[in-house]
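Visitor: As a plain string of letters, each chain reads:
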Amino acid sequence: MTDLFTDILIPIFSTTLQLSPFYLFASMGEIVSEKSGVANMGIEGIMLMSLMSTFIVEYITGNAWIALLGALGVAGVVGTLFAFLAIRVRLDQIAVGLAIYLLGLGLSFVIFNTTYPSGLTPNYVGLPPLVANWDKIPYIGTVFLSQNILVYVSLILVVITSFFLSRTSLGLRVRAVGENPKAADNMGVNVNKVRFLATLFGCLMFGVAGFYFAGNFVAGFQTDIIAGRGFIVLAMVYFANWKPYRALFAGLSFNVVYAAQNRYLALSGFGQASVSTLFNMLPYVFLLALIPVFGRKARAPKFLLKPYRKG
Amino acid sequence: MRADTQGLRWLQTTAYNAFAIGLGILAGLVVVVYAGGNLGVALSSLFLNPVSFSGGIQQIFVRFVLFYTMGMGVGLALKAGLWNIGAQGQLLVGMVMVFVVYTFMGFLPWPLLYVSMILGAALGGLLWIAVPTILRVKFGANEIVVTILLNVVAFNFAFYMLSGPIKSAGTALGFPHTVELPALFKIPGITSAVPITYAVPATIVIGIILYFLVERTPFRVKANTVGESLETAKYAGISINRIMVITMLAAGALAGVAGATYLMGYRYELDIGSFSTNYGLVAIICALVGRKHMLGIGLASFFFAYMTIGAESMALSANVPTYVVFAMEGIMMIGILLGNYLSERRYVT
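Sequence order for the protein chains is A and B.
Note that the working numbering numbers the first sequence so that position 52 is 52, with each residue one more than the last.
Note that the working numbering numbers the second sequence so that position 48 is 48, with each residue one more than the last.
No more than 20 Å apart at the CA atoms, straight line, and that leaves these computed lysine to any residue pairs for SDA-like: (1) Lys138/B to Leu290/A; (2) Lys167/B to Val100/B; (3) Lys186/B to Pro109/B; (4) Lys138/B to Ala289/A; (5) Lys306/A to Thr232/B; (6) Lys167/B to Ser276/A; (7) Lys167/B to Leu278/A; (8) Lys302/A to Arg136/B; (9) Lys193/A to Glu179/A; (10) Lys186/B to Asp271/B; (11) Lys167/B to Ala273/A; (12) Lys302/A to Ser166/A; (13) Lys182/A to Lys193/A.
Computed footprint of chain A on chain B; a stretch qualifies when at least three of its residues, placed anywhere within it, have a C-beta under 8 Å from a C-beta of chain A: (14) 134 to 143; (15) 153 to 160; (16) 328 to 340.
Honestly, the hints are just simulated from the structure, not real lab data.
A quick note: this is a predicted structure, and the numbers were derived from the prediction, not measured.
Ideal Cβ placement from N, Cα and C applies to all residues, glycine included.
The task is simple: from the sequences and hints, build the whole structure.
Guide: What follows is the structure, encoded as structure tokens:
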């Protein structure tokens, strides 16, 4: 007999919370970046690079926090390259983003495979749960206390991002250079500097997301392992109309649908049947269905994708 | 612009592109040598391997057809300012449709079924891109976002079809695949010595037809105006929605047809190995390098077909994963964009 709580709701909520940080870190990064006028299509390439470095650094040092630093460093380097090409050289943002994706897709696996041709053992461990003996407390322990700290950091980040964009003067400048760079420039804002910082912040967040992917989504590194889940963030940001709280809703509801179909497949025994792939596409269809409903009022920053030249 | 300036500019762009491509190749060579490969072997596999055996030549033309067909679609949409990131998804749906028609419409006589398989693939790609097109035209939804989402959906859909409705009865265990197409449904080769199929001249003919339909008519100016500024297009009285719908649907149909030529002219059966190939992204590069020009994309496609085959055999010669080719393509793309930027800056400002 399946119990509504222990077999259905608790696993769904717990999986939803566990997977959310990947989407939340990435979408907050992309929101800040796009608010400043720079869309980063290289998102998944940057994630793949930092995911690769996460596995390698954790393997060498045995410490997930150092691996996080490594992931941030790698994302910072690739992100600086992207930001330089898109902002300073003013190349087409979409084309450069795709180029960065290809670069990351190829380079991440080549570096990993030439360094460790036969893969890594032991497997990745990752961050510890928030409370060590979380299983002592039923329900709440599984849903909230078994999660690692980044789950909560990512939720706080949503609040901070929203506050930053709407209430701080730097946030105002970020929005200004995305909406009207000319006016911002006249007010004495260094447009490309603000854009550079916003884009770099975005890339660092993709780095955290790439770090988080290890362990929580996959146990080892493989070719094309993120498989489009990084690109999905672009859709979430679009659906969210560039608003942090709506991106939180998008990320959580996407994961609820994902966890629910996953749970259904596990309980119904359809997991191995061919229909399971139809269930697997439900979260994406869900996101797609939201776009005509909510995307109607979507209003992109006016100078998104448009490079700025002083004078 | 005077003729000699134009010639000079063309030369300069070519030089920049050659430099960019050289940079990408250099990066690949560095990786190969770093992994312990021999430089001479790497160079000869890169440049000579693709043409030194008939399998390589066959591969070049298979990819040429794929890149060119999909690249024309991407280029068409790009003219109207629309990014079709979903060529990979449309290709997959086209491939699935070939076998859907073959499996469920087997009652048709041979020539009709043959044509229906290709048309079915075109229809599949067209329907797949109809979703972002409708969302864009009716709701103003961003086509990049929707085509990205549909790529993932296409992958799952194709995997479902492959492991269920169009699966061969012969695959009880292991990875699912379809039946192999019988000889009657294969696109025949032109000569028996080198396996180049009739798909190659057919693609070139499509390219020339599209060249006359697109580049030599007012359509080009209309599409370019839509692509550059919706405001201007509106004032000029251009039917924006019509241009968008035509270019997008054509892009989807072309990607679907690419799937049909790939299966009927080369692979003959569908399996999971044809799924995550990223050909859709290479098609975008070809469209950009060919400067959205229907014939230019053909040249770019041939070059990238040769280069990717060569780079793959170079990687294999030194036991480097063939994924190095993606990194090389990324570097080439950055270099080419930089080159375009530099050559335009010289004359515009």
